[in-house]
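Asker: Residue numbering for the sequence shown follows UniProt numbering, beginning at 1 and increasing consecutively.
No wet-lab data here; the hints were simulated from the structure.
There could be a bad hint or two in this list.
Unchecked claim - Restricting the straight-line Cα-Cα distance to at most 27 Å, the calculated cross-link-like pairs of lysine-lysine (BS3-like) are: (1) LYS446 - LYS128; (2) LYS287 - LYS33; (3) LYS140 - LYS128; (4) LYS33 - LYS188; (5) LYS279 - LYS140; (6) LYS140 - LYS287.
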Amino acid sequence: MSFHDKVVYQIYPKSFRDTTGNGVGDLRGIIEKADYIASLGVDMVWLNPFFPSPGNDNGYDVSDYCAIDPAMGTMEDFEEMVEALARRGVGVMLDMVLNHTSTEHEWFQRALAGDPAYQDYYILRPPKEDGSLPTNWVSKFGGPAWAPFGETGLYYLHLFDTTQADLNWRNPAVRAEAARVVNFWRAKGVHGFRFDVINLIGKDEVLRDAPAGTDDRAMYTDGPLVHDYLRELAASSFGQDPDAVTVGEMSSTSVEACVGYSNPDNRELSMVFSFHHLKVDYAGGAKWTRMPYDLAALKRILDQWATGMQAGGGWNALFWNNHDQPRAIDRFADPEHHHAESATMLATAIHLLRGTPYVYMGEEIGMTDPAYLGIEDYVDVEARNAYEELTSGGMDPQEAFAIVHAKARDNARTPMQWTEEDPGAGFTSGTPWLRPTNQRSINVAKEEREGRILPYYRRLIALRKENPVISRGHYALHAADHPDVLAYTRELDGTRLLVMCNFRGHEAAVELPEGLEAQRVRTLIANYEDRGAEPLAQGDGGTVTLRPYEALALIS
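From just these sequences and the hints, can you work out the full model?
Answerer: What follows is the structure in structure tokens.
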């Protein structure tokens, strides 16, 4: 199965549909909504982890890779879900968290109990001669990246939470376990795998301090062994499957490294996620800050990745939204004054690029950040910790909350809004684990009845399958210095596509590329309905004026 014309739909199971009334989503909820998922035209559903877990990092602290969290359902539910989706032509992509396990995992518990074979499953080090920690690395969740390993006098590495112990991929037994886990799910009909922070598995044997004043992530990210380990994993598991689709989440990575991970000649992964484009509203590179996003930087980063991956034969996973990001419509557009235009413009910008688009649940109906009023509305430990840190540092509580409200991961985790029903939004008959706030104005039922966003997404997804220029065409940036518009061309076998997206709430004029005169093109898709499918008027000459948040794709 070629993945170039495919589209993936991401479901955060905890927030998609609850069939039991306990306020938490479950696998039977996905079965119930299988017709809706298929109606989007997507090819695969990526599910965030639903494995047994203490829940210290929302399921990314896995205590058993080959079982189902009882709160989410049973293995029989899972098998029925895979079958229900397959019957509708939709595959399943599972989230594999193989850089680390929960400290409650049997392997870690056996290591703690003194089993030397399992102690070699983890990265254990003695303190330095002066008694200080093995290295000066900092956890991505704050504090040192080392914690005491029981009463042994050793420390174990945890690049994330203290309950997430990094696995020792240098141990062949660990690599064999990883392949066994992937093969367990392959045997259940799974052909898609998303690998969490997979570029962190290639750590050196001798771990060194980061030199003073440098970023410690450079000491353990994108190590050369990552390529070896991915090739080995592919050969012993998903690489045996001709229609496998795999994506690696790449933390703090580079274009060069990602070309290597995703160039098909290397037999590693189908594609990669990178996050640089979602940091253009980080003041000084720091997440917990507030500033207007930098459109010039956004354009530059999208272009660097598109051109760099194209030149090296790599492949991007394209996205604005996921379970770890606030809603893009609030960050990069204006849902208050131009809701439908904002949602459809952002969708156009991503879906017509070179790469595989991912749609995060609720994005296709224009869901926005929740209108929360205080920190108590948030559940996520990261958001609560950030608020505490900002206020204890002397920041005014109102300003601290405004920052958290703009950046919190929970913004994307509010329940899917199926109907106008209050308070459950058609997600649950009980009390939702996280409160929705605007389901009366934004919900699936309303979009199906009279909306502009959901039909537009369905059309965009269909266009990728109908037009090889979208799935396989050459990419080039157009109007690079335009202050308001992202524009690019795609070309294949004499067909030329021009995509123009106005990221501002005012009009913006764009010159057409040379050789693409207005009278020779037709509208492929537009988010203002009066554009129609007719050619542009002769009088337009070589310029097109875009209205606020207008997206226009012209094809010759």
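Asker: Hint by hint, say whether it matches the structure.
Answerer: Evaluation of the provided hints:
1. As the CA atoms of LYS446 and LYS128 are separated by approximately 62 Å, the hinted pair breaks the 27 Å bound.
2. Restraint check for LYS287 and LYS33: the C-alpha separation of about 35 Å exceeds 27 Å, so the hint is violated.
3. Our distance criterion of 27 Å between C-alpha atoms is met by LYS140 and LYS128, whose separation comes to about 22 Å.
4. For the hint pairing LYS33 with LYS188, the CA-to-CA distance comes to about 21 Å; that is within 27 Å, so the pair holds.
5. Restraint check for LYS279 and LYS140: the C-alpha separation of about 16 Å stays at or below 27 Å, so the hint holds.
6. Only pairs whose Cα atoms come within 27 Å are accepted, and LYS140 paired with LYS287 is accepted, the gap being roughly 12 Å.
Against the hints set out earlier in the document, violations occur for numbers 1, 2.
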